[in-house]
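Colleague: Spelled out, the chains give:
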Amino acid sequence: MTSMIDVVFLLLVFFVWTSSFDKPESDLASRVAVSPAPTEPTEPDEAESKATETSATFMANRREELVIRILAGPDGLRYQVGAVAIPDASQLRAKLKRLATLRRNSIVIIDPDDTITAEKCIEVFDAARSEGFANVLFAVDAPPEP
Amino acid sequence: MTPMIDIVFLLIIFFLVSSHLSRQETRHPVTLAEASSGEPPEADASPITLTLDADSQLFFGGDPITLDQVSSRIRTWTTGRDADAASESNKVRFRIDRVVPYATVEAVLRQLADVGIRDVAIVVNPRRTQGPLSGATAQ
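Protein chains in written order, with the working numbering: chain A, 1 to 146; chain B, 1 to 139.
Just so you know, these hints were derived from the structure itself, not from any lab.
We put the CB at the ideal spot given by N, CA and C, even for glycine.
Worth double-checking, as some hints may not be accurate.
Far from chain B by the CB rule (all over 10 Å, computed), these chain A residues [as the list claims (entries may be wrong)]: (1) Met4; (2) Leu10; (3) Pro74; (4) Arg78; (5) Pro87; (6) Arg103; (7) Arg104; (8) Thr117.
So the derived label-pair ranges between C-beta atoms look like this [said to hold, decoys possible]: (9) A:Asp88 to B:Thr66: 47 to 55 Å; (10) A:Leu11 to B:Arg75: 39 to 47 Å; (11) A:Val7 to B:Asp114: 21 to 29 Å; (12) A:Val7 to B:Ser72: 43 to 51 Å; (13) B:Ser72 to A:Gly76: 38 to 46 Å.
Could you put together the complete structure from these sequences and hints?
Modeller: Okay, structure coming up:
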């Protein structure tokens with residue numbers, strides 16, 4: 001009897017010790033979107049034909065991007081999708097839902113103001129992912145020139 | 001015979017427990033944000049874990065570091081694993097306390113981008129209930 005109690009006691013200690021009381025965690029896959037640093041203008045004569053081509057690709061890429069700004073207003077948060085201002089969270093959600101049916105393959109870039117907390121950023125991030133956008137990124141401004 | 005089995009059993013317990021605790025030591029306690037679209041982390045991958053706590057203190061695994069040390073720590077980490085620092089396969093799990101302002105988060109993301117790491121997974125607590133941005137108004 002005593003040895004059985006020993007074993008049971010050891011098992012009890014083992015399971016208490018190894019059980020994790022941390023909350024489960026999950027990952028939101030993301031990438032970092034770095035805004036391009038302003039570049040020096042290149043030599044005009046040589047780069048002219050290339051420039052039109054590059055700007056065409058650039059504009060094509062731009063069209064695929066959907067930038068959501070999160071702005072800190074005097075009375076709470078405001079949002080801006082592309083150039084369209086959106087006053088509150090529920091309308092943002094509705095807007096994202098409509099956009100997701102049209103442009104599901106777009107890259108969504110979230111660009112919050114500096115003072116917005118991580119929680120609010122992740123809320124918008126989560127909303128975009130929940131609506132079906134596969135590529136959601138956080139924007140990082142290019143470092144200021146020294 | 002019995003005392004030997006006792007000892008062996010104790011040794012097994014010791015190693016199981018110590019390996020379990022060493023896995024947990026990268027989890028600096030922070031209050032993560034909640035999200036419903038998260039995926040469970042890959043079990044076999046051993047990505048770099050960065051933690052940003054409520055006081056904007058940054059941790060690399062369990063070690064407190066400054067913002068300037070991020071790139072050098074990541075380079076050391078990848079060199080130790082014989083990998084390329086700018087490799088596409090490098091993945092960072094980023095645990096952010098929910099109260100940290102985005103300016104601080106952005107500074108860390110910029111450091112990661114400078115090293116060449118673009119694959120950053122934001123770690124959250126899974127949410128069961130509906131949040132403020134998910135709701136019936138969308139229908």
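Colleague: If a hint holds in the structure, say so; if it does not, say that too.
Modeller: Now the hints, each set against the structure:
no.	hint	in the structure
1	Met4	13 Å, holds
2	Leu10	7 Å, violated
3	Pro74	18 Å, holds
4	Arg78	14 Å, holds
5	Pro87	13 Å, holds
6	Arg103	17 Å, holds
7	Arg104	15 Å, holds
8	Thr117	5 Å, violated
9	A:Asp88 to B:Thr66: 47 to 55 Å	38 Å, violated
10	A:Leu11 to B:Arg75: 39 to 47 Å	45 Å, holds
11	A:Val7 to B:Asp114: 21 to 29 Å	55 Å, violated
12	A:Val7 to B:Ser72: 43 to 51 Å	50 Å, holds
13	B:Ser72 to A:Gly76: 38 to 46 Å	40 Å, holds
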